[in-house]
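Peer 1: Construct all of the structure, not just a fragment, from the sequences and the given hints.
Here's the letter readout for the chains.
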Amino acid sequence: MTTAIQNIDHYLENFSALAKQARRDDPRWFEKLRETALARFLKTGFPSTRDEDWRFTNVSAIARTPFSPARKKPTGLSPADLAGWKIPNSAAQLVFVDGQLVPGLSTLDGLRKRVTVSALKDLIRKQPEVVEPHLGRYVDIERDPFPALNTAFAEDGAYVHIARGTVLSEPIHVLFVSTTRDTPEMTHPRNLVVVEDESQATVIEEYISLGSGPVLSNGVTELVAGESAHVAHHMIVREQPEAFHISTLRIEQARSATVSSHSLLLGGGLVRNNVHPVLRGEGGECLINGLFVGNGHQHLDNYMLVEHASPHSSSRQFYNGILDGHAHGVFHGRIVVHKNAQKTDAKQTNRNLLLSDDAQVDTKPQLEIYADDVKCTHGATIGQIDENALFYLESRGIDRISARRLLLSAFASECLARMKDDTARAHAEQLIHKYLSSFADALAEGSADRGRQPERTGEEVG
Amino acid sequence: MATKRGEESEERKKKRMSLLEIKNLHVTVGGHEILKGIDLRINAGEVHSIMGPNGSGKSTLAQVLARRETYQVTAGEILFNGRDLLAMKPEEAACEGVFMAFQYPVEIPGIGNAYFLRSALNAIRKHRGEDEMDAMDFLPLYREKLKVLEMDEKLMNRSLNEGFSGGEKKRNEILQMAVLEPKLAILDETDSGLDIDALRIVAKGVNAMRSPERAMLVVTHYQRLLNYIVPDRVHVLVDGRIVRSGGPDLALELEEKGYGWMETEARQTAPASA
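From first to last, the protein sequence lines stand for chains A and B. Per this note's numbering, residue 30 is the first one in the first sequence, and the count goes up by one each step. Per this note's numbering, residue 4 is the first one in the second sequence, and the count goes up by one each step.
By construction, these hints were calculated from the structure, which means they are not laboratory data. It should be emphasised that the depicted structure is a prediction, and the values quoted were computed from it without experimental measurement. For glycine and all other residues, C-beta sits at the position ideal for the given N, C-alpha and C. Check each hint, because a few of them may be wrong.
Straight-line C-alpha distance at most 25 Å; calculated DMTMM-like pairs for lysine to aspartate or glutamate [said to hold, decoys possible]:
| no. | chain 1 | residue 1 | chain 2 | residue 2 |
| --- | --- | --- | --- | --- |
| 1 | B | Lys186 | A | Asp428 |
| 2 | B | Lys172 | A | Glu443 |
| 3 | A | Lys449 | B | Glu165 |
| 4 | B | Lys92 | A | Asp428 |
| 5 | B | Lys172 | B | Glu156 |
| 6 | A | Lys376 | B | Glu165 |
| 7 | A | Lys376 | B | Glu110 |
| 8 | B | Lys157 | A | Glu458 |
| 9 | A | Lys463 | B | Glu135 |
| 10 | B | Lys172 | A | Glu416 |
Now the in silico label distances, taken between C-beta atoms and shown as ranges [claimed, not checked]:
| no. | chain 1 | residue 1 | chain 2 | residue 2 | range |
| --- | --- | --- | --- | --- | --- |
| 11 | A | Ala455 | B | Val233 | 47 to 55 Å |
| 12 | B | Ser195 | A | Asp169 | 55 to 63 Å |
| 13 | B | Asp137 | A | Asp138 | 33 to 41 Å |
Peer 2: Right, here's the structure in full:
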């Protein structure tokens, strides 16, 4: 339902302006996809906290801000500026600045045969036959207005295709950089990753920003894993404190496909990360692993929807949160087991560390089970740094700041341990270390964490 | 010349001085007085045992020595090596040479055993003004101590105490003690929950560390451990007071008669209190 404060008319104006100029060469099917999505978005508007899926996340600040599509501007960035963002040993890197691919900053030389990495925009025009069967076929624009908005405004993003039976051992890095100018701008990155039967690949999708001020990144990635394919997707969000970031990862898994999704939410003012795998074929396995680290007034929302649609599939969700200052974290883990999905094995764990009295976390498990022979468990804990563990380390000579830093790293390392790709893990580890170091040092100043309440624990089996 | 003589007498004084000196220690926890005036002196090279029934304050004494802050010292003082122990934070006490083997060692997932112990050792070495030890130098030392405690090398890279059996945890405590080489080692009910094989291994590890420079305080409920770690002195703690001190034979006497007679005796001799 559209609320009074929402001003969504300008989305229609912006859409019309784009359709007249920039998009004149786009194929008709794509334009139709966009029009349908826009119509859907205009009908629903932005979600409100009365919507169950958005209970803990208020997006009225996004609704109020008149974002216009990011315009191309000189980036002023050179490959040298990007050196610090590069992931050593990646097979390819695509860099988008304000939604536009910057070929001069991108490298594709590490690629081998049977692997395609390119800008989605080019593919849509040059080889629509490879894109059309997938694009927009998986993500649900009815359920969530943000993917609808993305589909309506999507211009570009990464297209990754791994042909049948191909193993790509190094990760593909897709980097989205948002810069700011005087008016609020939005980008809607759109990625399509197709990993065919018996293939293997790792994709790292990373969002960073330069400057400050309101920007909206609203990304959608559709990831298709063929039979017995092994795919890892890493999402890294480390935008600036005024940035709004919404991302949706929709995973479609064929029979016996193994997919892992690793999310690292470190930066950004308001961040919502949706992960939505559908285990379509029998015997699929899905790991959803995440860490969110927030302070200041950051709001970090993790929304998981795992659908088991066939028998013998298993899913594991592990999310750890570390929150300080006035940060607010959300973990919403929904598991749907469809009627014929017998022998489903689904597990969900969310552990949270609150480092200040004003930090907050809402954790909400939600199980919908329509089959009768399944195993589903979920559990959540919210606690502080364990005083016993802290004393144990101190009693061995380790000072309080170092002990805290060790314990925070240890808590985060559970997520790192689940990342199989060495390159991706090393990259994640280095970023986590950077963010947590500033945490532990700030902790040294306050002593609000002494004499805390015991950990609250809830473990249920359904 | 005068100053030199002064220094010498200072040196002699230090020699005469006990490594640990507890004077009239009173401790409360959550408003309840647990220790009601403890006096205890332990010289370097000595092994003392504190025995007592449940709730007598044994573990409280151990934790206060390790500088746990939840215990409030209301009166008395503790001198360690001539310095005010109560003014030290836990990590300072550790760096000065106090080590407590925990009754319930903490499991910390995500921190490797070897990494943790090397961090601890380096914190202590740094405090002493020594160079930090890198992983290559540390490994042989660690391996050697693992062997003494008959522990599997695979434990090295596993998380700190995570998934360890009770016996493995206790052995890991002694292993840490062996690497950190404290001046004062406090064993807080290290024997509880151990089977006889594990007890022998732990005792062997502890006995290997007895030296003229080091003192030990063995806190235990049962006499059994003292068959393997023979103490120089035994103190019986009842209701927050040391009611009796003696040689190793006192432990045997307790084993035979239990704590009951001593508790009765303690009640009769205790000063009348409100």
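Peer 1: Take the hints in turn and mark each one as holding or not.
Peer 2: Comparing the hints with the structure gives:
1. Lys186/B to Asp428/A: holds, 19 Å
2. Lys172/B to Glu443/A: holds, 21 Å
3. Lys449/A to Glu165/B: holds, 22 Å
4. Lys92/B to Asp428/A: holds, 9 Å
5. Lys172/B to Glu156/B: The hint holds at about 14 Å.
6. Lys376/A to Glu165/B: Holds, at about 21 Å.
7. Lys376/A to Glu110/B: holds, 23 Å
8. Lys157/B to Glu458/A: holds, 24 Å
9. Lys463/A to Glu135/B: holds, 23 Å
10. Lys172/B to Glu416/A: Given pair Lys172/B, Glu416/A holds - Cα atoms ~19 Å apart, limit 25 Å.
11. Ala455/A to Val233/B: 47 to 55 Å: 52 Å Cβ-Cβ, so the 47 to 55 Å window holds.
12. Ser195/B to Asp169/A: 55 to 63 Å: holds, 57 Å
13. Asp137/B to Asp138/A: 33 to 41 Å: holds, 38 Å
The structure is consistent with each of the numbered hints, conforming to all of them.
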